[in-house]
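Engineer: Sequence:
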Amino acid sequence: MNRRRFLTAAGAGAAGLMAGCSAEPTDDGSTDTDGGSTDTPESGGTATEGDGTATADGTVTGTASGGTPLLRVGTYPSFVDAPSSSPGPWLKERFESEFDADLRWFAPENSMDYFLQRRQQGVSIDTDLFLGLAPENLVKADRAVGDGESLFTSVDTADLSNAGAIVDDYRFDPQERAIPVGASYISLVYNQNALDERGVAAPETFDDLASEPYENGLLVPNPQSSETGLEFMFWTIDQFGEDGYLDYWSDLMGNGTRILQDWGTAYDAYSNDEAPMVVSFSTDQVYADRYDQDMARHQVGFLNDSGYAYLEGAAPFTDTDKLGLATEFIDFVLQPEVQAEIAQRNVALPAVDNAELPSDYYDLVYEPEEIVSFGYDELMGNVEPWLNDWSRQIATQ
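Residues 1 to 397 (UniProt numbering) are what the sequence shown spells out, left to right.
Warning: the hint list may mix true and false statements.
Claimed, not checked - Quick list of the computed label-pair ranges, beta carbon to beta carbon:
{"hint": "1", "residue 1": "Gly199", "residue 2": "Asp147", "range": "28 to 34 Å"}
{"hint": "2", "residue 1": "Ser271", "residue 2": "Asp360", "range": "36 to 42 Å"}
{"hint": "3", "residue 1": "Asp273", "residue 2": "Ser250", "range": "43 to 49 Å"}
{"hint": "4", "residue 1": "Gln117", "residue 2": "Gly164", "range": "35 to 41 Å"}
{"hint": "5", "residue 1": "Ser124", "residue 2": "Glu369", "range": "45 to 51 Å"}
{"hint": "6", "residue 1": "Gly375", "residue 2": "Gly199", "range": "26 to 32 Å"}
{"hint": "7", "residue 1": "Pro358", "residue 2": "Asp251", "range": "22 to 28 Å"}
{"hint": "8", "residue 1": "Ala144", "residue 2": "Gly67", "range": "32 to 38 Å"}
{"hint": "9", "residue 1": "Ala144", "residue 2": "Glu274", "range": "32 to 38 Å"}
{"hint": "10", "residue 1": "Gly324", "residue 2": "Ala144", "range": "23 to 29 Å"}
{"hint": "11", "residue 1": "Glu98", "residue 2": "Asn216", "range": "39 to 45 Å"}
{"hint": "12", "residue 1": "Glu370", "residue 2": "Asp273", "range": "30 to 36 Å"}
{"hint": "13", "residue 1": "Pro174", "residue 2": "Pro213", "range": "41 to 47 Å"}
{"hint": "14", "residue 1": "Pro89", "residue 2": "Asp251", "range": "42 to 48 Å"}
In case anyone wonders, no lab produced these hints; they're calculated from the structure. Please read these numbers as outputs of a predicted model, since none were measured by experiment. Ideal Cβ placement from N, Cα and C applies to all residues, glycine included.
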């Protein structure tokens with residue numbers, strides 16, 4: 001575990017780290033400040049902050065007072081309403097101070113699925129862009145709307161002044177509809193005190209994790225209802241292949257691994273000492289340091305020296321009538337100082353390599369030797385079969 005790329009680019013600490021650690025809800029629908037993206041089954045949501053008119057179902061229409069252009073931005077709930085640390089309120093204030101526009105957040109509880117359902121129902125989306133789009137969400141949307149159509153429209157990257165600083169490993173849309181705005185790495189978070197009591201070191205490989213010394217030791221968010229869990233499943237497919245990942249999961253389950261509903265539920269169980277390890281994020285120590293936690297309980301571990309890249313993008317909806325303003329907003333979000341602020345508030349890493357963060361931030365963020373990530377073409381046509389096979393063989397155990 002190291003901070004190889006960003007420290008090399010930083011020199012004396014000039015390069016930044018930011019990758020969205022978007023938050024999944026706990027079972028009661030609440031959100032947390034650290035973890036994977038929101039993916040609850042409920043529909044609907046509420047518009048938050050800014051001017052404009054909210055319809056009964058939560059969508060937003062019209063312009064701001066005085067004819068000021070209104071930009072309507074969809075996102076996941078914790079980006080705007082996690083206690084004290086959400087980037088959303090700060091981002092709104094900063095954007096409106098620099099542009100002749102008002103920003104209105106809209107954060108439905110089931111995140112991207114809300115917009116996809118409206119498109120499939122032939123109902124107006126009434127939102128200009130979405131911030132926090134994961135690669136598998138983009139693939140899901142493209143498969144759902146049919147050939148030759150798209151829920152999103154491309155961005156002219158020539159209009160993005162800092163596009164050249166986007167980390168190449170974070171680019172995931174060959175059509176440049178989704179522009180990377182943040183990332184993190186799926187990893188283990190483990191309690192060194194608990195492992196010391198067992199007399200074992202942290203697992204270094206996937207095979208270690210499924211072995212007897214770590215029996216009943218791991219908590220995993222459910223891939224069926226959690227993007228954190230789904231990307232952990234992708235990580236195992238990369239390691240064992242389509243023909244071997246289910247056997248590996250069977251070994252995990254036989255070793256007492258517990259699968260919980262979502263990231264929030266799994267992380268809460270870990271925090272309550274129900275197991276010494278949880279699938280989470282390599283930025284965990286940023287969160288732990290912020291709240292003066294015992295750092296021994298927040299150790300970060302990568303398996304086989306690798307970690308799965310959790311990526312987030314911003315993409316304009318095809319039906320927006322404010323593509324120019326949406327592009328200006330994405331350009332604004334990619335500015336180094338904005339990326340740095342979002343990173344710290346969102347317990348995350350930047351999508352660009354020229355954002356400057358405090359030097360001690362780098363001491364708390366870990367990057368794997370090998371970055372694992374399935375691209376758009378690898379995910380297209382495979383996500384559903386992979387998950388269906390997992391559900392049939394593993395979820396029923």
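Engineer: With reference to the structure, classify each hint as holding or not holding.
Structural biologist: Hints and how they fare:
1. The given range of 28 to 34 Å is broken by Gly199 and Asp147, whose C-beta atoms sit roughly 57 Å from each other.
2. A C-beta distance of roughly 24 Å is found between Ser271 and Asp360, which places it outside the suggested range of 36 to 42 Å.
3. Remark: the range hint 43 to 49 Å for Asp273 to Ser250 is contradicted by a beta-carbon distance near 27 Å.
4. Evaluation of the 35 to 41 Å hint for Gln117 and Gly164 yields a pass: the beta carbon distance comes to about 36 Å.
5. Range check, Ser124 to Glu369: Cβ separation about 47 Å, and the 45 to 51 Å hint holds.
6. Checked against the hint of 26 to 32 Å, the C-beta distance between Gly375 and Gly199 comes to roughly 41 Å, which is inconsistent with it.
7. Distance hint check for Pro358 and Asp251: the Cβ-Cβ separation is about 42 Å, which falls outside the suggested range of 22 to 28 Å.
8. As the Cβ distance of Ala144 to Gly67 is approximately 36 Å, the hint placing it in 32 to 38 Å holds.
9. Taken as a hint, the range 32 to 38 Å holds for the pair Ala144 and Glu274, whose Cβ atoms sit roughly 36 Å apart.
10. In this structure the supplied range 23 to 29 Å holds for Gly324 paired with Ala144, their Cβ-Cβ distance being about 27 Å.
11. Against the hinted window of 39 to 45 Å, the Cβ-Cβ separation of Glu98 and Asn216 comes to about 52 Å, which falls outside the hint.
12. For Glu370 and Asp273, the Cβ-Cβ distance of about 31 Å falls inside the hinted range of 30 to 36 Å, so the restraint holds.
13. A hinted range of 41 to 47 Å holds for the C-beta pair Pro174 and Pro213, which are about 43 Å apart.
14. Between Pro89 and Asp251, the C-beta spacing of about 45 Å keeps the proposed range 42 to 48 Å intact.
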